[in-house]
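Sequence lines, in order, name chains A and B.
Under our numbering, read the first sequence as residues 1 to 638, first letter to last.
Under our numbering, read the second sequence as residues 1 to 363, first letter to last.
Calculated directly from the structure, the hints in this document are not laboratory data.
Dumping the calculated PhoX-like pairs for lysine-lysine here, alpha-carbon to alpha-carbon at most 25 Å:
1. A:Lys310 to A:Lys213
2. A:Lys487 to A:Lys598
3. A:Lys28 to B:Lys128
4. A:Lys248 to B:Lys244
5. A:Lys213 to A:Lys313
6. B:Lys139 to A:Lys28
7. A:Lys254 to A:Lys78
8. A:Lys418 to A:Lys213
9. A:Lys213 to A:Lys254
This structure is a prediction, so every number in the text was calculated from the model and none was measured.
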Amino acid sequence: MKLWASREDEQLSANGLLRDDSKFAAGKIAFFQYVGVAVFLFLLTGFWDLQVRNPAVYQERAMENSIKSIPVLAPRGKILDRDGRVIVDNHSSFSLYLSRENLKMEHLRPIAEGLDLDYDSLVARVRRFQTRRAPQYEPIPIKEELTPAELAFVESHNDANTFPELEVIHVQHRLYPRDGLAAHVIGYVGEISEAELNTPEFANFHQGDVIGKDGIERQYNDLLMGVDGQRRVEVDSFGNERRILDDKEAIPGKNLQLTIDLDLQAVAELTMENRRGAVVALDPRNGEVLAMVSRPAFDPNLFAGRIRSKDWKELLDNPDHPLLNRAIQAQLAPGSTFKPIMALAGLETGAIDDNFRVNCGGGASFYGRYFKCWGKHGTVDVHAGLVHSCDTFFYNVGNRLGIDRIAEYAEMVGYGHKTGIDLPHEAEGVVPSSRWKIRNFREKWYPGETISVAIGQGATTVTPLQMAEAIGGMSVGGHWYQPHLVKEAVKMIPVRSAQLNPENLRQVINGMYGVVNEAGGTGGRARLPGIEVCGKTGTAQLASNVVLKGTSFGATHKDNAWFVGFAPRDNPEIVVAALFESGEHGQLAAPIVRDVLKAYFDKKARLAQPQPQIASLPPQILKMPPVVPAAGENQANP
Amino acid sequence: MPAYRSLRDYDWLMLILAFAVCALGVLQIFSATHETPFADAWWKQVIWIGAGCVAMWIATLIDYHTLLGQVPIFYGLSVATLIATYAVGTTAFGSRRWIGTASYHLQVSEFVKLVIILLVARYLTELKTEQLELNDLLKLTGLVGLPMVMVMIQPDLGTALTFLPILAVGVFLAGFRWQYAVVVLLAVAVIAPLSYYFVLKDYQRQRVVSFLDPSQDPKGSGYQVIQSKIAVGSGALWGRGVTKGTQTQGRFLPVPHKDFIFSAFAEEHGFVGVIVALGLYFLLLMQVVQNAQTAPDRAGMYLCMGVAALLLFHVLVNVGMVVGRMPVTGIPLPFMSSGGSNIVAMFLMLGLVNNVRLRRFVN
Chain A
1 MKLWASREDE QLSANGLLRD DSKFAAGKIA FFQYVGVAVF LFLLTGFWDL
51 QVRNPAVYQE RAMENSIKSI PVLAPRGKIL DRDGRVIVDN HSSFSLYLSR
101 ENLKMEHLRP IAEGLDLDYD SLVARVRRFQ TRRAPQYEPI PIKEELTPAE
151 LAFVESHNDA NTFPELEVIH VQHRLYPRDG LAAHVIGYVG EISEAELNTP
201 EFANFHQGDV IGKDGIERQY NDLLMGVDGQ RRVEVDSFGN ERRILDDKEA
251 IPGKNLQLTI DLDLQAVAEL TMENRRGAVV ALDPRNGEVL AMVSRPAFDP
301 NLFAGRIRSK DWKELLDNPD HPLLNRAIQA QLAPGSTFKP IMALAGLETG
351 AIDDNFRVNC GGGASFYGRY FKCWGKHGTV DVHAGLVHSC DTFFYNVGNR
401 LGIDRIAEYA EMVGYGHKTG IDLPHEAEGV VPSSRWKIRN FREKWYPGET
451 ISVAIGQGAT TVTPLQMAEA IGGMSVGGHW YQPHLVKEAV KMIPVRSAQL
501 NPENLRQVIN GMYGVVNEAG GTGGRARLPG IEVCGKTGTA QLASNVVLKG
551 TSFGATHKDN AWFVGFAPRD NPEIVVAALF ESGEHGQLAA PIVRDVLKAY
601 FDKKARLAQP QPQIASLPPQ ILKMPPVVPA AGENQANP
Chain B
1 MPAYRSLRDY DWLMLILAFA VCALGVLQIF SATHETPFAD AWWKQVIWIG
51 AGCVAMWIAT LIDYHTLLGQ VPIFYGLSVA TLIATYAVGT TAFGSRRWIG
101 TASYHLQVSE FVKLVIILLV ARYLTELKTE QLELNDLLKL TGLVGLPMVM
151 VMIQPDLGTA LTFLPILAVG VFLAGFRWQY AVVVLLAVAV IAPLSYYFVL
201 KDYQRQRVVS FLDPSQDPKG SGYQVIQSKI AVGSGALWGR GVTKGTQTQG
251 RFLPVPHKDF IFSAFAEEHG FVGVIVALGL YFLLLMQVVQ NAQTAPDRAG
301 MYLCMGVAAL LLFHVLVNVG MVVGRMPVTG IPLPFMSSGG SNIVAMFLML
351 GLVNNVRLRR FVN
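Excised from the complex, chain A in its bound form (with noise of 0.2 Å):
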C-alpha cells in the first residue's frame, strides 16, 4: 500500500499539501452546520403542513383515488301466474355506468361519441345527478343493454389514463312476454322521473332507481325491488381491484304469484285482438282475479330499458290510447248490462213483483216525452225483461224505483266506488242521484232523467271490473268479494254483503240464464254446450243512433258493446265481463265471454282427468295462433 502511494505523497509533501491547517476553516463549517440545520427544519415543516396541519385533505384525497364504489344491483321479483309459470322474468345484460369520483367532464364528448349517445342529453344528465341528492359515490346509469361493440369500447377505454370513470355494471333486465300479453295488469318500470322524486312515497329512493312505474310492477314495487346492494374495492392507478373493502350483497325482490291464469290470460287476449276493449274474469268466490286484458296493448319490454322518446311519443299520440288500461279505467255507459240490477232492486223494493207485467209497443212516454225500446216485444215480465232485454219493461221499473233507489242499489253491486283493485289509477265511475245532482250541478234532479239511467244510460258509468264484480257478486248470493291480483293482498272475507230475498235472486239469474240459453234471447252467442251460461248483453250507446246514422261521426262513434256473464248458474265458479268498444252491439261481446268461459271449464276438465301434464311453455315463447271468427259472428243481428 505504502509503497504503491509513496511517490504521490511525497510529491503532495512538497507542494505544501500535508500542512495542518483543517482548522482555518472551523468558523465556516459550523456555517455550514447552521446551514443544515436550517435545511432540515425547512423540509421538517414541509411535511408539518402535509401531515399534522392538514391530513385530512389528503386522506380525502387518497381515498378519492383509491376507493371506488359499485353497485351491485338487486334483481327484481319474479312475477308468476296462478300456478307458478313465469310470466315476468329477468335477463341479464350489461348497463353503463359513470363513476362520479373521478368523472371528468371534458371526457363526455369522446365518450358520448364513441357510445353514439347525444352529448347535451348526457351532459344534462350527469348534471342533473350532481345537483339532485344522489350521494357522490353513486354512479350515473348513461347506457343499458351494451351491444358487443359497445362493451369493447368500454373495455378498451376504461384504465386510468383515458376515461377511468366509465363502469360496466351487470343487472338484471326485465323480461316481459311479447304482443303485450298482460301489460297492462303487469305494469312496466323505468327510471324514477324528477317528478316522482319529489313525492314522499319515493322519499328513499335516488336518482337513476329502477322502479315499477304501472300496474303490479308499480303496486307492489316495494315488495319486487328488492334493495341494491354495494360493494367498495380499493383500486390501483390503473384501476385494478386491489381488494374488497366492504361488499354489501344485493337482496333479491321477492317473487310474486298473481291470481292470473296465464291460459285463460292467452285465450282472452286472443278474443280481443285486434279489438279495442277489455275483459276481466272473476272467480266470484273470492274476487281472484284470473284474466284481465285490455286492448290494444303495448309492449311493456320498450320501458325495460331506458325507453326512446321517439317510443314514448309514439305510445301517447296514439289515438287508441294503449297504455290506458281499460279494464279498471274506461268508464262507460253499462248499458243494458245494467237490467239485472234494476230487476233486483224492483224485486228487493217491492217495486214491482212477479205478476208485474208491461206491454212493450215498441217504447213508452213518461214524462211528457217518448222513449224508445229497441224492438216491440208485448207483455212482459221480469224474465222476458231480461231475456229480450227490454227496454220499455224496465223504463217502468225505473220510474217505481225512482233515482234514489236506483242509486243505492247500483252502489250495494259496487258502482260508482273503486272495487280496491290491487293495481294503481282505478277510476270508479259515477251512479247518478239526486245528491250527486245537487253536488255536482246544483240542480234538483228530474224523474224524467231516471227513464234512461234504468237501462244504463245517462250518467252512469262503470268499469269493466266493477261489472265483473258486481253481476260475480249477486251470482253467488249477494256477496262481493275485493278483487284483486295478489293471493295474499286481501283476507277471504266479502268486503260487502247484502241481505237479499233469494227468490228474488233466483228470478234475476234465471232472467240471465234465459239471454243465454233461450230462444229469443239476446245473449244466445254466449251458450256453451254442457255448461249453464249466465249473462247480459249490453249496447251502450254513445249518441242516439238515429241521429247519427249516415253522418261521419257515426262511423267513428259506434255504440260498445258490452257482455256479463257467469257459470255456472248454481254455485259460479267465474264470472267475465267483456267490452268491445264500438263493437255496435252486446251480443257481439258476447262470444268473447263464451271464449273464455270455454277456455276455463275445459282447462278445469282436462285436469280432472288423469293425464301427464302438458310442461308448461314459458311466456316468451308463448306463440298466439291467428284467431279463426266463428262462423256469423260478424253479423249483426239484434
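Fit chain B to the known structure of chain A by using the hints.
What follows is chain B alone, placed relative to chain A:
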C-alpha cells in the same frame, strides 16, 4: 501504520446511522414493491448494500492523498466514460444515464460525483493563496463545468446540479472575495431565465412550471407532485402502516421505491417516521461534518465537506421534491432509494470520509 487502519478505527457511529437509513430504505422498498414485478428489489438492495460496504472498505485502503494524486487520471476517465455513455449508453426512462451490461446498469454520473469531490479537494488544497483568485475560480468552475454539462446533456439535470454544491461549498470554505459572490449571483440571475427558454428541454420546463403550480397539469408532470403530497399528507402523524399506504400500494405514487421512496415512507410511517428518518440523516450529516473538523489536513477537510455538501443537497432536493418544495429532478435519496449505483457511490463516499478519519493522527 496498519494499526491506524484497523476496522476499530472506522467511524462506527456514522456507519450505524447510514445502516439505519439503509434498513428503513430496504423496508420501504419491500413495502412498495412486494406486489409488483420488482418484488425482489429489497433483496437486491441488501446485496448492493453489502457490495457498498466492500467498496467502502477498499476505498479506505488507499491513502486519500494517493487518490488525490490520481485525480487527473480519474477526471480523464470520467470525461471519457461520459462520452462513451452518450455514444452507447442504454436509454432508460428517456435519458442515457446507464452503461448497460446484461442485467446490471451502472449509472456513471453517480461515480463522477466522487471524482468531482476529489477534484475540488485537490484543486483547493493546491492553492497558494488564502483566498480564491478570479482565475482560479474560473478554472475550477470550468473543470467542474465540463462533466456537468456532459451529464446535463444526457439529459440528467438533477445529477448535474449535484456537482454545484460540491463546488460551492469548496469555494466557500476556500474563501473568496464577496464581490465574486455578487458577480456569480448576478450571472445566475441573468443565465437562469435565459437557460429556461433556450437550454432546458420541454419536459424540464414542464417540471419547473409544475413545481411552481402543480395543479396546472394534474395528469402530467404536476401529477407526480400532487400524488406525492397526497401520499405524505394522508400518512398523518402515525402513518398508515407498512404495506398499508394506498398511494404507495395502489401505484398512484410514481416510482415509490426509487425517487419517491421518501413519499412512500412518509405515507406509511407518518410524521413520526419522518422525524426519525430525517433525524438519522441529520446526525449522519453532522457526523460527516465532524470528520471534516477533525481531518488532519485541508485535503481531508475538503473531501469530507464535499461529501457533506453532496449529502445535504441530495436530501434537500429529494425530500423537498416529495413535499412539493423542490421541483421534480429525479435524483435519488442517499442510502434509501433502490438502485445499486446510488448505494455503492454513497458508501464509497463514506469510505472517503473514513479514509480521512483513519489517517487523522498521521504526522
